[in-house]
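Number of protein chains: 2
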Amino acid sequence: MAASSLSADRLAALDGFLRELNRATGEVILPLFRGDHGLTDKAKAGAAFDPVTEADRGAEAAIRRLVGERFPEHGFIGEEYGEDRPDAEFVWVLDPIDGTRAFISGLPLWTTLIGLRFQGRPVLGSIGQPFLDEVFIGHAGGSRLVTPLGERPLKARACPTIAQAVIATTDPALFSAAEMEAWSAVRKASRLARLGCDAYAYAMVALGVLDVVIESNLKAWDVEAAVPVLAGAGGLVADWRGEAVGAFAGGRMLIVGDRALLEPVAAELSRPAQ
Amino acid sequence: MAASSLSADRLAALDGFLRELNRATGEVILPLFRGDHGLTDKAKAGAAFDPVTEADRGAEAAIRRLVGERFPEHGFIGEEYGEDRPDAEFVWVLDPIDGTRAFISGLPLWTTLIGLRFQGRPVLGSIGQPFLDEVFIGHAGGSRLVTPLGERPLKARACPTIAQAVIATTDPALFSAAEMEAWSAVRKASRLARLGCDAYAYAMVALGVLDVVIESNLKAWDVEAAVPVLAGAGGLVADWRGEAVGAFAGGRMLIVGDRALLEPVAAELSRPAQ
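Protein chains in written order, with the numbering used here: chain A, 136 to 409; chain B, 136 to 409.
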């Protein structure tokens with residue numbers, strides 16, 4: 136795995152720093168949650184509502200400032216402030232608030248996604264939910280849930296068939312017509328579907344309570360933090376063809392907790408969507 | 136209002152007892168959340184998956200036991216254990232876990248709904264989320280959010296037009312074709328839609344961060360706890376025709392935070408759904 140190129144000491148130090156970053160973003164975001172968060176619409180005139188708040192901008196700025204102080208040579212790819220040295224040896228891939236729509240609706244399922252690329256490959260990531268005081272953090276060597284009560288290892292559960300699977304997507308209305316057919320085919324074959332979770336669903340797969348997440352139209356920052364967290368929990372981030380994702384180029388994404396689900400879910404998805 | 140028939144002292148005592156019930160249900164449910172909750176399927180052979188867990192049953196049993204000890208003459212209408220003296224002067228209307236599907240998927244948006252009818256009318260209710268340590272509680276005289284940090288009053292926000300509204304439903308796939316058209320009409324006219332919240336969305340309307348909830352196929356226990364909580368926060372529980380709901384007979388439900396939304400949303404809903 137990519138993580139093998141990093142020494143265990145260096146990875147442990149970066150893991151500790153990542154928890155610091157999560158504390159810092161929580162301090163920026165929480166006072167604005169369910170409060171006066173300065174909502175504005177980034178959409179061009181006539182386009183769909185695209186909300187951003189001071190919490191999104193403040194949290195990404197806080198991460199960039201802390202990384203810049205500690206590791207001035209690192210690069211960034213972030214939702215709010217774009218690219219800065221995206222080809223550096225270490226690049227932080229940032230979505231300060233994934234689920235801004237949930238955030239502005241008061242729903243505590245938004246997350247802060249922080250991924251770290253080393254030599255072009257995702258090696259460390261976290262999915263943080265400060266209102267719940269949860270950080271799902273990991274790398275290929277192992278992932279864990281950190282809360283004020285302590286730490287527990289993350290392990291995706293066994294789920295070898297779609298018929299047993301609990302699946303999730305954020306909002307089927309975001310799919311194209313062909314994608315909607317693909318989603319509906321998987322939903323029909325599954326045990327249960329949940330909507331509205333954004334990236335919190337990725338954490339639930341790592342925790343072993345949810346089996347499949349299907350999304351489309353994603354950017355690198357919507358996904359990359361999950362790649363090491365899922366890898367360390369035994370799951371996998373792939374595209375809709377079932378190919379494992381490294382540095383995420385964007386588009387359609389499929390997460391499975393049990394890798395045995397990869398082929399059958401990809402087969403359902405590829406039929407109508409091609 | 137109905138509450139006027141109850142003395143303030145009696146209402147305050149019942150309010151205190153309701154918080155006790157919420158503590159008791161949290162103690163039953165939390166150890167089973169994301170754990171071994173004894174999931175079974177209540178559906179008849181061939182019907183859709185209808186999950187129930189030991190947490191649902193244990194929480195409703197705990198409420199019935201505590202009420203029975205304190206108020207042996209009170210009646211019950213509950214999702215898990217049915218009706219018991221449903222025509223008593225006081226009747227508890229119970230959904231021990233609203234959002235069992237969210238519960239079994241590890242998502243902390245399930246809630247415990249406890250409503251109290253006095254002489255046939257809902258007078259007191261709570262929407263509790265023990266994992267978040269939140270109880271939204273109220274009656275026509277006022278509602279509040281109780282957390283370990285203290286209490287704050289609940290007040291729905293002003294939102295006079297659909298174009299400004301953030302709306303919610305749990306899962307559009309639960310709608311009939313005509314209901315889906317009605318939902319889609321409101322969604323198209325709104326600012327933003329959120330999915331997957333179950334009754335937690337009602338609490339978000341009372342908190343003033345969400346404006347409209349639209350659901351169908353509900354039972355009394357899915358709704359009644361919200362009637363006093365919304366009334367005390369300035370909002371309203373109605374049916375799709377825009378008629379205010381008292382004791383809920385079941386079916387389609389519309390919640391608004393700003394009563395000025397009632398007529399325009401009901402008008403959108405009634406066009407295609409009739």
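Honestly, I wouldn't trust all of these hints.
Copies of one chain are not kept apart here, so a pair can be met inside one copy or by any two copies together.
Calculated pairs, SDA-like style, for lysine to any residue (alpha carbon to alpha carbon, straight line, at most 25 Å) [unchecked claim]:
id, residue 1, residue 2
1, Lys179, Ala320
2, Lys179, Lys290
3, Lys290, Ser405
4, Lys354, Ala180
5, Lys290, Ala275
6, Lys177, Val281
7, Lys179, Ala275
8, Lys354, Asp171
9, Lys179, Gln254
10, Lys323, Gly276
11, Lys354, Arg326
12, Lys179, Gly343
13, Lys323, Asp306
14, Lys323, Leu149
15, Lys323, Asn352
16, Lys323, Phe225
17, Lys179, Glu162
18, Lys179, Asp268
19, Lys179, Phe253
20, Lys323, Glu162
21, Lys323, Val202
22, Lys290, Gly181
23, Lys323, Leu309
24, Lys323, Arg199
25, Lys179, Ala159
Rather than coming from a laboratory, the hints here were simulated on the basis of the structure.
Quick caveat: nothing in here was measured; it's all calculated off a predicted structure.
Evaluation of the provided hints:
1. Lys179 with Ala320: Between copies only: 23 Å across chains, 34 Å inside a chain, cut-off 25 Å.
2. Lys179 with Lys290: Neither: 42 Å inside a copy, 33 Å across copies.
3. Lys290 with Ser405: neither (28 Å within a copy, 47 Å between copies)
4. Lys354 with Ala180: within (22 Å within a copy, 42 Å between copies)
5. Lys290 with Ala275: within (12 Å within a copy, 46 Å between copies)
6. Lys177 with Val281: neither (33 Å within a copy, 35 Å between copies)
7. Lys179 with Ala275: neither (40 Å within a copy, 43 Å between copies)
8. Lys354 with Asp171: neither (28 Å within a copy, 36 Å between copies)
9. Lys179 with Gln254: neither (35 Å within a copy, 55 Å between copies)
10. Lys323 with Gly276: neither (35 Å within a copy, 46 Å between copies)
11. Lys354 with Arg326: Between copies, since 23 Å is at most 25 Å while 29 Å is not.
12. Lys179 with Gly343: neither (40 Å within a copy, 27 Å between copies)
13. Lys323 with Asp306: Result: close both inside a copy and across copies, 16 Å intra and 14 Å inter.
14. Lys323 with Leu149: Intra 42 Å, inter 45 Å, cutoff 25 Å: neither.
15. Lys323 with Asn352: So Lys323 and Asn352 pass the 25 Å test inside a copy (22 Å) and across (20 Å) alike.
16. Lys323 with Phe225: neither (42 Å within a copy, 43 Å between copies)
17. Lys179 with Glu162: Classified as neither: same-chain Cα gap 31 Å, cross-chain 49 Å, threshold 25 Å.
18. Lys179 with Asp268: neither (35 Å within a copy, 40 Å between copies)
19. Lys179 with Phe253: Neither: 35 Å inside a copy, 53 Å across copies.
20. Lys323 with Glu162: This pair counts as neither: shortest intra-copy Cα distance 42 Å, inter-copy 35 Å.
21. Lys323 with Val202: Neither: 45 Å inside a copy, 42 Å across copies.
22. Lys290 with Gly181: Answer is neither; intra-copy 44 Å and inter-copy 32 Å both fail.
23. Lys323 with Leu309: Both: 18 Å inside a copy, 13 Å across copies.
24. Lys323 with Arg199: neither (43 Å within a copy, 37 Å between copies)
25. Lys179 with Ala159: This pair counts as neither: shortest intra-copy Cα distance 31 Å, inter-copy 50 Å.
Of the numbered hints listed earlier, those contradicted by the structure are 2, 3, 6, 7, 8, 9, 10, 12, 14, 16, 17, 18, 19, 20, 21, 22, 24, 25.
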